[in-house]
Amino acid sequence: MKKLLSVFILIPITFLNVLAATDYAAIEAADRFFVKMQHKEICSLWSMLTEESQRVIAKDIIKADNGENDLTNEVVLNDFENCGEITQSYWNAYLSAFDPNTVVNDAAWSIKEASDKNVDISLMYKTSTKPAILHMYFENAKWKVGLVESFWIRKFFD
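According to this note's numbering, the sequence shown is numbered sequentially starting from 18.
Do not rely on the hints blindly, as some may be mistaken.
List time: in silico EDC-like cross-link candidates among lysine to aspartate or glutamate, alpha-carbon distance up to 20 Å [to be verified]: (1) 147 - 137; (2) 80 - 91; (3) 76 - 91; (4) 159 - 98; (5) 80 - 102; (6) 134 - 156; (7) 57 - 91; (8) 76 - 102; (9) 147 - 116; (10) 159 - 137; (11) 53 - 96; (12) 80 - 69; (13) 159 - 130; (14) 134 - 166; (15) 53 - 116; (16) 53 - 68; (17) 159 - 45; (18) 134 - 40; (19) 134 - 69; (20) 129 - 166; (21) 159 - 40.
Note that these hints are calculated values from the structure, not bench results.
Please put together the full structure from these sequences, using the hints given.
Following this line, the structure appears as structure tokens:
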């Protein structure tokens, strides 16, 4: 009976430890992303994004180009994977509008929701009344930042 009771006690504890490790790994990946952004290590940012974020960003760049440079999805994705001119321009423009210090140094981080595939991180900026929610997704055996999923304004009309 004691062995059976031990098993029932250990299962929830083990599950909680797995979730805690998951939470920590997701927070660590998110922190690494914003620190790299803070240090302007832009060539490493693309691989840290979810596939959905990459897809939407590429689509937005092509749409903004209005056919001036004959950009295709393949050209844009290849440029980001190789840290080309589009990559440099995109992240420099992004960082001119967003200061990663607000997340790295001036926000309190906490787990809002967590599972083995998704973690929502609450980012409360020191002067805000509501937190921003950063969605992290476990893809290809790594935690990825859902930049688009977290912060893009939902487009109702395309």
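- Query: Going straight from one Cα to the other, do residue 76 and residue 91 come out at no more than 20 Å?
  - Reply: holds (11 Å)
- Message: For a C-alpha distance cap of 20 Å, please report whether residue 129 and residue 166 respect it.
- Response: holds (16 Å)
- Message: Between the alpha carbons of residue 57 and residue 91, is the straight-line distance 20 Å or under?
- Response: violated (25 Å)
- Proposed proximity, residue 102 with residue 76 (alpha carbon, max 20 Å): Distance of about 17 Å is within 20 Å: holds.
- Query: Given the proposed pairing of residue 147 with residue 137, does the C-alpha separation stay at or below 20 Å?
  - Reply: Holds, because 15 Å separates the two Cα atoms, which is no more than 20 Å.
- Are the Cα positions of residue 134 and residue 166 separated by 20 Å at most? Holds: residue 134 and residue 166 sit about 15 Å apart, inside 20 Å.
- Taken at face value, is the distance from the CA of residue 137 to the CA of residue 159 at most 20 Å? Satisfied, since the Cα-Cα distance of roughly 15 Å is no more than 20 Å.
- Message: Hint check: residue 159 vs residue 98, CA-CA at most 20 Å. Holds or violated?
- Response: Distance ~17 Å between residue 159 and residue 98 Cα, so the pair holds.
- Message: residue 80 and residue 102 were given as a pair; does the straight-line alpha-carbon distance stay at or below 20 Å?
- Response: holds (17 Å)
- Message: Just to be careful, I want the Cα atoms of residue 159 and residue 40 compared with a cutoff of 20 Å; is the pair within it?
- Response: holds (13 Å)
- Query: Regarding the pair residue 134 and residue 40, is the alpha-carbon distance no greater than 20 Å?
  - Reply: Cα-Cα ~10 Å, so holds.
- Query: Keeping to a limit of 20 Å between CA atoms, is the pair of residue 80 and residue 91 held or broken?
  - Reply: Answer holds: residue 80 to residue 91 is near 14 Å, not above 20 Å.
Hint violations for this structure: number 7 only, all remaining hints satisfied.
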